[in-house]
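Work out the full structure: start from the sequences and follow the hints.
Number of protein chains: 2
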Amino acid sequence: MIALPWKDVEPAKIHRLFYPQVPVVLTAEFQGHIGGMPAIWCMPLSFNPPLVGVAIAPEHATYEMLIGAQAFAINWLNFSFAKQVGELGEESAKGVRDKLSTVGLSFVKGSLTGQPMIRDAEGVLECRLHERHRIGTHELIVGEVVAASATENFTEYWDFSKYKPILYAGTEDVGRKCWVFRSGIGEKTIVPLKHQV
Amino acid sequence: MIALPWKDVEPAKIHRLFYPQVPVVLTAEFQGHIGGMPAIWCMPLSFNPPLVGVAIAPEHATYEMLIGAQAFAINWLNFSFAKQVGELGEESAKGVRDKLSTVGLSFVKGSLTGQPMIRDAEGVLECRLHERHRIGTHELIVGEVVAASATENFTEYWDFSKYKPILYAGTEDVGRKCWVFRSGIGEKTIVPLKHQV
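Residue numbers (my numbering), protein chains in the order written: chain U, 1 to 197; chain X, 1 to 197.
Source of the hints: derived by calculation from the structure; they are not laboratory data. Any given hint could turn out to be false.
No distinction is drawn between identical chains; accordingly, a pair holds when it is met within one copy or between any pair of copies.
Here are the simulated BS3-like pairs of lysine-lysine, each with C-alpha atoms no more than 27 Å apart in a straight line [what the hints assert, rightly or not]: (1) K109 to K7; (2) K164 to K83; (3) K13 to K109; (4) K13 to K162; (5) K83 to K162; (6) K94 to K7.
Right, here's the structure in full:
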């Protein structure tokens, strides 16, 4: 019997095996309130119709806005905005009129859904809520993409010499607990968590 | 009115906005046949129970094995195996006794599911089929993780100074069509497609 090079990974850490992952920012507006939250569990689900899935915990205020609006946007930001993306994960949208502005981001409204799209986004999808499935602790939101846009850094594919995606790599304790974001070229940004755990 | 920096992305290219993504290799055995295929649309869906989702086109032979077995494994390989991962995407498992061996990979059987796990994997999940949803062109396979393992390169998180994940970044035409894989530190590997399109 050949010894295997593996050891057990405890259940609470399984999701970390998927790192690094590119976080998107999920944005939604309902009744005049603008929400935005980073989401790491997000991927395409179908080519035609173009459907995308994002799994989020239903406790989020932005989730409630998304359900209220029956629509939402998905935004990709350059690595230079890693700090803002981290900060959006630190506060709730509850009771805030425009959460995006609290981290210095502005938005424009999508022409097909009216949903907020981050002005500095490299890429953005306007989605209509297509279906949703409760799966364990999270809800899988399936959106139909009704419009997709990107900067000139995307043509056939991303030009990664210009668009530097954020690669989420977990947290790190350097005196205080921080998010860790890496660029695709070895740079690293750490964003301190406001609420130390 | 401020001009927006975006242009439209055609529907067939929407999934490329999600790049770079870490491909996993989905493995399954049914009736003595070993299948393996790269999957890029794969993410966690729930913390507790630990559930993961992988969206694949049901035409794949490995899909049929997975459904037959009602179980499967998810494998993460180091960047040094990018070529093998690409090659697994180039051929079908149909009629092949052990597809993994055709690209030089060996496997061990998971103790809980009996499913094949790639011996050189950095991380591996044993999953039982939990539920599945047809969503557009693809089927979302939801697996309950019954065992998770990783090399010593994973403790609290991945040590990216040792584990170099594969970052799938699309294809490129350098005389012939190639897959493009990037490491997290700016290295790039291109794998020629066997079947030129």
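Status of the hints after comparison with the structure:
{"no.": "1", "hint": "K109 to K7", "verdict": "between (49 Å within a copy, 15 Å between copies)"}
{"no.": "2", "hint": "K164 to K83", "verdict": "both (14 Å within a copy, 24 Å between copies)"}
{"no.": "3", "hint": "K13 to K109", "verdict": "between (37 Å within a copy, 22 Å between copies)"}
{"no.": "4", "hint": "K13 to K162", "verdict": "between (33 Å within a copy, 18 Å between copies)"}
{"no.": "5", "hint": "K83 to K162", "verdict": "both (19 Å within a copy, 26 Å between copies)"}
{"no.": "6", "hint": "K94 to K7", "verdict": "neither (41 Å within a copy, 33 Å between copies)"}
Going down the numbered hints, you'll see the structure goes against just number 6.
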